[in-house]
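Q: Spelled out, the chains give:
Protein chains: 2
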Amino acid sequence: MSFTRLDVCVGLLVETFNMYAKKDGNASTLTKAEAKELFKAELKGTLVKATEEEETDKIFNELDADKDGVINFQEFVTLVGTMATLCHDYLTELGELAKHELPAPRQ
Amino acid sequence: MSFTRLDVCVGLLVETFNMYAKKDGNASTLTKAEAKELFKAELKGTLVKATEEEETDKIFNELDADKDGVINFQEFVTLVGTMATLCHDYLTELGELAKHELPAPRQ
Numbered sequence: 618m619s620f621t622r623l624d625v626c627v628g629l630l631v632e633t634f635n636m637y638a639k640k641d642g643n644a645s646t647l648t649k650a651e652a653k654e655l656f657k658a659e660l661k662g663t664l665v666k667a668t669e670e671e672e673t674d675k676i677f678n679e680l681d682a683d684k685d686g687v688i689n690f691q692e693f694v695t696l697v698g699t700m701a702t703l704c705h706d707y708l709t710e711l712g713e714l715a716k717h718e719l720p721a722p723r724q
Numbered sequence: 618m619s620f621t622r623l624d625v626c627v628g629l630l631v632e633t634f635n636m637y638a639k640k641d642g643n644a645s646t647l648t649k650a651e652a653k654e655l656f657k658a659e660l661k662g663t664l665v666k667a668t669e670e671e672e673t674d675k676i677f678n679e680l681d682a683d684k685d686g687v688i689n690f691q692e693f694v695t696l697v698g699t700m701a702t703l704c705h706d707y708l709t710e711l712g713e714l715a716k717h718e719l720p721a722p723r724q
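In order, the protein sequences belong to chains A and B.
Whatever position you read off the first sequence (first residue = 1), add 617 for the numbering used here.
Whatever position you read off the second sequence (first residue = 1), add 617 for the numbering used here.
For reference, chain A alone in the conformation it holds in the complex:
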C-alpha cells in the first residue's frame, strides 16, 4: 500500500500533535507549556519571532478558539491551515505556482 501526499500530511499532523500533547499524561489537548514547546520546535523560521514569549502567547490565544485554556486537535489543525494559506498566497503573489512544479516529495 502506498501513501498519498495527503495521507502523509494527515500522519504528520497527528504525530506532531501527539508528541507534545501526551507529555502531561493527557494526550487529547495541548497545555500552554506543551503548545509553546511545539511552537518553538516546529515553527522555527516559519513564523517571525515564534520563539519569543509574547509571540507564543499570542499564537496560543488565537488558536484556543473556545477559550478553555488548552488547544485540542481541531484547534491545532487551524494553525497549519493558516500557515499553508499564507504560504500559498505568498507563492501566488510571486507568480511561483503558475511557473513550475514544486519539488516532488522524497519517496
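Keep in mind that the hints were calculated from the coordinates and are not lab data.
Model, not experiment: these values are computed from the prediction.
There may be inaccurate statements among the hints.
To be verified - In the DMTMM-like style, the derived pairs of lysine to aspartate or glutamate whose C-alpha atoms are separated by at most 20 Å in a straight line are:
id, chain 1, residue 1, chain 2, residue 2
1, A, 657, B, 681
2, A, 653, B, 624
3, A, 640, B, 713
4, A, 640, A, 624
5, B, 653, B, 670
6, A, 661, B, 710
7, B, 640, A, 706
8, B, 639, A, 713
9, A, 640, B, 706
10, B, 657, A, 624
11, B, 639, A, 706
12, A, 639, B, 710
13, B, 639, A, 710
14, B, 649, B, 681
15, A, 639, B, 706
16, B, 649, B, 692
17, B, 661, A, 624
18, B, 661, B, 651
19, B, 640, A, 713
20, A, 640, B, 710
21, B, 649, B, 670
22, B, 684, B, 674
23, A, 639, B, 713
24, A, 661, A, 632
25, B, 640, A, 654
26, A, 675, A, 654
27, B, 653, A, 624
28, B, 640, B, 706
29, B, 657, B, 681
Assemble chain B onto chain A, guided by the hints.
A: Here is chain B on its own, set in the frame of chain A:
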C-alpha cells in the same frame, strides 16, 4: 536549513493543490473536474468510495463553502483538517496515541 514536520505538511498541501488547480490555466482554484481528479488520486483508500461519482460530488459541495462552484485553497485545507481530525479521533478511541510513538517520518 532543515524542515520541521509542519513545514513538510505545508509544502505538501500547497504542492497538491497546485498540481491539480493549474490544469485549466487558473492555479488559484480547483474546478469540479480538477477537484475530482485530486480526490481520486489523493484520497484513495482514505475516504470510503471516494472514487464514486456521487461521493465526489458530495465532498465537492461540502468543501465549496461559499458556493461559487470552485474550491479555493482555504476551502481545500479544511478537507485535510477534517481528515486529520477523523484520524486523530479514531486513534484516540483505539487508545493508540497514548500507547506509543507513531513512526518517525523519513529524513
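Q: So, for every hint listed, does it hold in this structure?
A: Going through the hints against the structure:
With a CA separation close to 34 Å, the supplied pair residue 657(A) and residue 681(B) exceeds the 20 Å bound. Restraint check for residue 653(A) and residue 624(B): satisfied, since their Cα atoms lie roughly 17 Å apart, inside the 20 Å limit. Simply put, residue 640(A) and residue 713(B) have alpha-carbon atoms about 15 Å apart, close enough for the 20 Å limit, and the pair holds. Pair hint residue 640(A) plus residue 624(A) does not hold up; C-alpha atoms about 25 Å apart against a cutoff of 20 Å.
Between residue 653(B) and residue 670(B), the direct Cα distance comes to roughly 9 Å. Compliance with the 20 Å bound is thereby established for this hinted pair. For the given pair, residue 661(A) sits about 32 Å from residue 710(B) by alpha-carbon distance, which is inconsistent with the 20 Å threshold. About 18 Å separates the Cα atoms of residue 640(B) and residue 706(A), which keeps this hinted pair within 20 Å; it holds. With a CA separation close to 12 Å, the supplied pair residue 639(B) and residue 713(A) stays within the 20 Å bound.
Between the alpha carbons of residue 640(A) and residue 706(B) the distance comes to roughly 18 Å, so the proposed pair stays at or under 20 Å and holds. Between residue 657(B) and residue 624(A) the alpha-carbon distance is near 13 Å, which keeps this suggested pair within the 20 Å criterion. Among the hinted pairs, residue 639(B) with residue 706(A) is consistent with the structure: their alpha-carbon atoms are about 14 Å apart, no more than 20 Å. Of the pairs offered as hints, the one joining residue 639(A) and residue 710(B) holds, with about 15 Å between alpha carbons and a cut-off of 20 Å not exceeded.
Between residue 639(B) and residue 710(A) the CA atoms are separated by roughly 15 Å; this keeps the pair inside 20 Å, and the hint holds. For the hint pairing residue 649(B) with residue 681(B), the CA-to-CA distance comes to about 10 Å; that is within 20 Å, so the pair holds. For the suggested pair residue 639(A) and residue 706(B), the alpha carbons sit about 14 Å apart, so the restraint of at most 20 Å is met. A distance of roughly 13 Å separates the Cα atoms of residue 649(B) and residue 692(B); the hinted pair therefore holds under the 20 Å criterion.
For a cut-off of 20 Å, the pair hint linking residue 661(B) to residue 624(A) stands: about 9 Å separates their Cα positions. Annotation: proposed proximity of residue 661(B) to residue 651(B) holds, straight-line Cα distance about 15 Å (limit 20 Å). This hinted pair checks out: residue 640(B) and residue 713(A) have alpha carbons roughly 15 Å apart, not beyond 20 Å. Among the hinted pairs, residue 640(A) with residue 710(B) is consistent with the structure: their alpha-carbon atoms are about 18 Å apart, no more than 20 Å.
A distance of roughly 11 Å separates the Cα atoms of residue 649(B) and residue 670(B); the hinted pair therefore holds under the 20 Å criterion. Pair hint residue 684(B) plus residue 674(B) holds up; C-alpha atoms about 13 Å apart against a cutoff of 20 Å. Annotation: proposed proximity of residue 639(A) to residue 713(B) holds, straight-line Cα distance about 12 Å (limit 20 Å). Distance check on the hinted pair: residue 661(A) and residue 632(A) sit about 18 Å apart at the alpha-carbon level, within 20 Å; holds.
Distance hint between residue 640(B) and residue 654(A) is unfulfilled; the C-alpha atoms sit about 40 Å from each other, more than 20 Å. A hinted pair counts as satisfied when its Cα atoms are at most 20 Å apart, and residue 675(A) with residue 654(A) qualifies at roughly 14 Å. In summary, the hint linking residue 653(B) to residue 624(A) is supported, as the alpha carbons are separated by about 17 Å, within the 20 Å threshold. Proposed proximity of residue 640(B) and residue 706(B) is contradicted: the alpha carbons are some 35 Å apart, above 20 Å.
Proximity of residue 657(B) to residue 681(B) is assessed by CA-CA distance (about 17 Å); at most 20 Å being required, the pair is judged to hold.
Hint compliance for this structure: hints 1, 4, 6, 25, 28 are not met, and every other hint is.
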